[in-house]
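A.B. asks: Starting from the known structure of chain V, arrange chain S on it as the hints suggest.
There are 2 protein chains.
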Amino acid sequence: MGPGPSDIHPRVLSALSRPTIGHLDPAFIAMMDEIKSLLQYAFQTDNPLTIPVSAPGSAGMESCFVNLIEPGDKVIVCQNGVFGGRMRENVERCGAAAVMVANPWGKPVDPQAVEDTLKAHPDAAALAFVHAETSTGAASDTRTLCELARQYGCLSIVDAVTSLAGIELRVDQWGIDAVYSGTQKCLSCVPGISPVSFSDRATYRIKNRKSKVQSWFLDMNLVMGYWGTGGKRAYHHTAPINPLYALHEALVMLEEEGLEQSWNRHQQNHRALAAGLEAMGISFLVDEPYRLPQLNAVWIPEGVDDAAVRSTLLQDFNLEIGAGLGEYAGRVWRIGLMGYASRKQNVLQCLSALEAVLAAAGAPIYTGVAVAAANREFTST
Amino acid sequence: MGPGPSDIHPRVLSALSRPTIGHLDPAFIAMMDEIKSLLQYAFQTDNPLTIPVSAPGSAGMESCFVNLIEPGDKVIVCQNGVFGGRMRENVERCGAAAVMVANPWGKPVDPQAVEDTLKAHPDAAALAFVHAETSTGAASDTRTLCELARQYGCLSIVDAVTSLAGIELRVDQWGIDAVYSGTQKCLSCVPGISPVSFSDRATYRIKNRKSKVQSWFLDMNLVMGYWGTGGKRAYHHTAPINPLYALHEALVMLEEEGLEQSWNRHQQNHRALAAGLEAMGISFLVDEPYRLPQLNAVWIPEGVDDAAVRSTLLQDFNLEIGAGLGEYAGRVWRIGLMGYASRKQNVLQCLSALEAVLAAAGAPIYTGVAVAAANREFTST
Numbered sequence: 001m002g003p004g005p006s007d008i009h010p011r012v013l014s015a016l017s018r019p020t021i022g023h024l025d026p027a028f029i030a031m032m033d034e035i036k037s038l039l040q041y042a043f044q045t046d047n048p049l050t051i052p053v054s055a056p057g058s059a060g061m062e063s064c065f066v067n068l069i070e071p072g073d074k075v076i077v078c079q080n081g082v083f084g085g086r087m088r089e090n091v092e093r094c095g096a097a098a099v100m101v102a103n104p105w106g107k108p109v110d111p112q113a114v115e116d117t118l119k120a121h122p123d124a125a126a127l128a129f130v131h132a133e134t135s136t137g138a139a140s141d142t143r144t145l146c147e148l149a150r151q152y153g154c155l156s157i158v159d160a161v162t163s164l165a166g167i168e169l170r171v172d173q174w175g176i177d178a179v180y181s182g183t184q185k186c187l188s189c190v191p192g193i194s195p196v197s198f199s200d201r202a203t204y205r206i207k208n209r210k211s212k213v214q215s216w217f218l219d220m221n222l223v224m225g226y227w228g229t230g231g232k233r234a235y236h237h238t239a240p241i242n243p244l245y246a247l248h249e250a251l252v253m254l255e256e257e258g259l260e261q262s263w264n265r266h267q268q269n270h271r272a273l274a275a276g277l278e279a280m281g282i283s284f285l286v287d288e289p290y291r292l293p294q295l296n297a298v299w300i301p302e303g304v305d306d307a308a309v310r311s312t313l314l315q316d317f318n319l320e321i322g323a324g325l326g327e328y329a330g331r332v333w334r335i336g337l338m339g340y341a342s343r344k345q346n347v348l349q350c351l352s353a354l355e356a357v358l359a360a361a362g363a364p365i366y367t368g369v370a371v372a373a374a375n376r377e378f379t380s381t
Numbered sequence: 001m002g003p004g005p006s007d008i009h010p011r012v013l014s015a016l017s018r019p020t021i022g023h024l025d026p027a028f029i030a031m032m033d034e035i036k037s038l039l040q041y042a043f044q045t046d047n048p049l050t051i052p053v054s055a056p057g058s059a060g061m062e063s064c065f066v067n068l069i070e071p072g073d074k075v076i077v078c079q080n081g082v083f084g085g086r087m088r089e090n091v092e093r094c095g096a097a098a099v100m101v102a103n104p105w106g107k108p109v110d111p112q113a114v115e116d117t118l119k120a121h122p123d124a125a126a127l128a129f130v131h132a133e134t135s136t137g138a139a140s141d142t143r144t145l146c147e148l149a150r151q152y153g154c155l156s157i158v159d160a161v162t163s164l165a166g167i168e169l170r171v172d173q174w175g176i177d178a179v180y181s182g183t184q185k186c187l188s189c190v191p192g193i194s195p196v197s198f199s200d201r202a203t204y205r206i207k208n209r210k211s212k213v214q215s216w217f218l219d220m221n222l223v224m225g226y227w228g229t230g231g232k233r234a235y236h237h238t239a240p241i242n243p244l245y246a247l248h249e250a251l252v253m254l255e256e257e258g259l260e261q262s263w264n265r266h267q268q269n270h271r272a273l274a275a276g277l278e279a280m281g282i283s284f285l286v287d288e289p290y291r292l293p294q295l296n297a298v299w300i301p302e303g304v305d306d307a308a309v310r311s312t313l314l315q316d317f318n319l320e321i322g323a324g325l326g327e328y329a330g331r332v333w334r335i336g337l338m339g340y341a342s343r344k345q346n347v348l349q350c351l352s353a354l355e356a357v358l359a360a361a362g363a364p365i366y367t368g369v370a371v372a373a374a375n376r377e378f379t380s381t
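Heads up: the protein sequence lines correspond to chains V and S, in order. Letter by letter, the first sequence follows residues 1 to 381 in the numbering used here. Letter by letter, the second sequence follows residues 1 to 381 in the numbering used here.
If we strip away everything but chain V, and leave its shape as in the complex, we get (with noise of 0.2 Å):
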C-alpha cells in the first residue's frame, strides 16, 4: 500500500509466467493487437497510436518529449510535485527551453497561471503537467488544463501514471495530445511498461519532425512500425513478452470490471480510508477537492517516528505504506490503494495495523475507533 508498485492479483501473476514465445509469433501478434484495444479502452481513446512502452513510466515520458519536441522548442511545464520537475529534465536534454510554472506542492496546478503563462509565451510548442501527483496526491484539472493548450495552439502532454484506471481519464474528450502511464499502479500489473497514446495532431508533428529523434530505442517512427499502427510490421526491438501477457490479463480484468465502476471503487475504498484516518486524528494532506483516492498523502502525527512506525509495519504486519518526498520527508506518509489493494480488505488491515503501531509508540489513539470509523463508510455506500 505505497506509492506503487501495487499489488497484483494471482490472474495476472499466473499469466506472468506463461511460457515466453517469439515476438514476432502470430500468437504474439494477436495478443499485441488486443492489447491496443484494450489500452485505448483504458484511456477512453480511439488514438491508433496507443501502445505499451517496453519500458518503466520513466521512459514513457521521455518517448513522449523526444518525440514531440525539437531542438530550440519552447515547453510550459507545470510543477507542483516532483514529477513536473522530471519533466523540465526532459524538456532541456531535448535541447528545448522550459517555461515553469510553479505551484505549490500539495495543490493542483493552476489554471489561471497557466493561462498568464500561455499568453505571454505564443511561441510555446506543447504545455505539460501531471494529472495525479504521485509525490503529494493532488489531482489537477486535466480537462481544462488541455482546453486551454487548444485554445493557445500547444500540444499537451499528461502524466497520467498514478490516475490510469484510478479516476476519471478521458483523452479524446478532453483532447489531450499525449499522455503516458505505469502499469504498476492502478493497473495492478508488473513494473516495467508505460502505456502511452497520442492523438492524431501528436501524430502528424511526430512523422513530420525536421530532426530524427534522438532516442533509437523510443523512436515513435520505429515503434509504431513493429506494433502494425500504419502499415506493414517489422521488427524493432524484442518485446517484453511475459510483462505484456501481464498486462493483457489485467486490462482484461479492467474490462471485466468496467472503467467507470473501477473509479468509483477507488473512490469508495478512499472514503472509507479517509473516515478511518480522521477518526485517528489524521489529517490530509491536499484539500479534499483535489484529493487523489487512491494515493493518499497524509501528515505525520507530531512525535511519531516517521521511519520507524513504516519499518514497524512492513516487518511486524508485512504491509508497506509510502515516505513523503522532497519537502514533505519525514512530514508525510502515502498510502496507495491502487487497482487490486485497493479493496476493503486493505483499508481494515491497514488502519488497524497503524492503530496498534502508533499506540504501540504513545500516541493518543482509541484502539478499534479507526476500523469502525471505516466500516461505518462502507456500510453507508
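Any given hint could be a false lead.
Stated by the list, open to error - Below 25 Å or equal to it, Euclidean Cα-Cα: the simulated DMTMM-like pairs (lysine to aspartate or glutamate) are:
{"#": "1", "chain 1": "V", "residue 1": "K74", "chain 2": "S", "residue 2": "E257"}
{"#": "2", "chain 1": "S", "residue 1": "K74", "chain 2": "V", "residue 2": "E70"}
{"#": "3", "chain 1": "S", "residue 1": "K210", "chain 2": "V", "residue 2": "D73"}
As the list claims (entries may be wrong) - To give an idea of the chain V side of the interface with chain S (calculated C-beta under 10 Å), a few residues:
{"#": "4", "residue": "T20"}
{"#": "5", "residue": "S54"}
{"#": "6", "residue": "P56"}
{"#": "7", "residue": "V190"}
{"#": "8", "residue": "S215"}
{"#": "9", "residue": "I241"}
{"#": "10", "residue": "S311"}
These are computed hints drawn from the structure, not numbers from a lab. Since the structure is predicted, the reported quantities are computational estimates derived from the model, not experimental observations. We put the CB at the ideal spot given by N, CA and C, even for glycine.
C.D. replies: Just chain S, lined up with the frame of chain V:
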C-alpha cells in the same frame, strides 16, 4: 529455437511470478546487490558499474552510446550484420559522426580494417562492434579488437547480447570498456532487461561529461545512484521487480552450472546439431572458426519454401526457428541453441522435425540420418 527469446527454465518462470514488492523494500535492495555481483561473474568483471538496465537490449545499446558519446565526437563502428547499423543510428542520434568499417555479412569483423581505420582517425572517441552477430551467427575477435581500441586511445563498446553465457566473454581480461547484453538469449530469462557493464575508464568519462546525457531515463549518473554504485541510494525509476526476480534466478542457475561449463554445453550441443544438419546436406553461412554455437545460420536448401517450412514447424511441431535478415531474408534460417534451449532434447527434436518437414516438401532427405549423426556426436563427447 529462434534467435531469442529462448526457452525459459521452470525455475525462472516460477521466480518471475512471485508477489511483487516495493522497489525500495530492503528485501528487494538486498536482491539488487546479489544481481550486481552475479552479473559481475557472468561478465567476468570487477566493474562496480555492472547493472541491469530496466529495458530491452536496444536500450542497453543506447545506454552505452548516450552515456559515453558527446555531440561532435567521432565513433568507429564496425558493421557485419544488422546490429552494426543500429549502432550507427545511435551514434548519429547523439550528434556524433560514425566512421563505418564495412564487413561482409556472415564474416567476422576484420581487425586489419579496424586498425587501418583507427590509424586514419586518431581523434576517434570510441570503437564499437558486435561480439556475436545475431543476424548472421558470426563471432568477432573481441579481445583483439579491444586491444586495438586501447592501443589507439579509444574506448571500446561491445554488443554482447547473444554472446553472454553462450561463448567465452571476459570483460576485464579483454579490456572491454562498455558492454551490453540481453536477458532473453543465453541467460534464458524473460526479455525486457539489458545487463550492462562499464569499466572505470568509461565510468570516469560518464562522470566528467561536458554535456548532460540526452536521455534522463538512461543517464548512468542517475541510474548508478539507484543501484547503489558509489554513494547513497536514491530513487530514480521504478525497477521492473518481477523480471528482476527472474534474472536473479537465471543468474543463480548460471553460477550453479558454472560459466565455463555453460560455454562448453553450448559448444557441444552446437556440434551435434551441426553434425545432423550436415548429414541432411544443409550447410552453414559462417565459416567454421567463427560460428556461434548458440545461433546457427544455415542456407535454406534450394527449392524449399522458407516461410512454409517455418510455418509448418511452428504449427505442427510447436517449434520456432528464425528467418534470415537483410540480404539473407528467404535464403537463411537461424536456429537458436541458447541457454535452457541448448540441450540434447532440443537438438534431436529440431533435427527430426526439420527432416520430416523437408521430406514432406519433397527434398531428398533420408529420414533418421540427421538424428543418428547428432547422436553419434553426443556419444563421442
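A.B. asks: Need the status of pair S/K210, V/D73: alpha-carbon distance at most 25 Å?
C.D. replies: The given pair, whose Cα atoms are some 22 Å apart, holds under the 25 Å limit.
A.B. asks: Per the CB criterion, is V/T20 less than 10 Å away from chain S?
C.D. replies: Cβ of V/T20 sits 5 Å from chain S, so the hint holds.
A.B. asks: Under 10 Å is the threshold here; is the Cβ of V/P56 close enough to any Cβ of chain S for the hint to stand?
C.D. replies: V/P56 check passes; min Cβ-Cβ to chain S is 5 Å, inside 10 Å.
A.B. asks: V/V190 was flagged as interface toward chain S. Is the shortest Cβ-Cβ separation under 10 Å?
C.D. replies: holds (4 Å)
A.B. asks: Can you confirm whether the C-alpha distance between V/K74 and S/E257 stays at or below 25 Å?
C.D. replies: Given pair V/K74, S/E257 is violated - Cα atoms ~55 Å apart, limit 25 Å.
A.B. asks: Would the stated hint for V/I241 survive a check requiring a Cβ distance to chain S of less than 10 Å?
C.D. replies: holds (6 Å)
A.B. asks: With a cut-off of 10 Å, does the beta carbon of V/S54 approach a beta carbon of chain S closely enough for the hint to hold?
C.D. replies: At 6 Å from the nearest chain S Cβ, V/S54 passes the 10 Å test, so the hint holds.
A.B. asks: Less than 10 Å between beta-carbons is the criterion; does V/S215 satisfy it with respect to chain S?
C.D. replies: holds (6 Å)
A.B. asks: Within 25 Å, alpha carbon to alpha carbon, are S/K74 and V/E70?
C.D. replies: This hinted pair holds, its Cα atoms lying about 23 Å apart.
A.B. asks: Quick one, is the V/S311 hint okay against chain S at 10 Å, beta carbons?
C.D. replies: holds (9 Å)
When the structure is compared with the earlier hints, a violation turns up for hint 1 alone.
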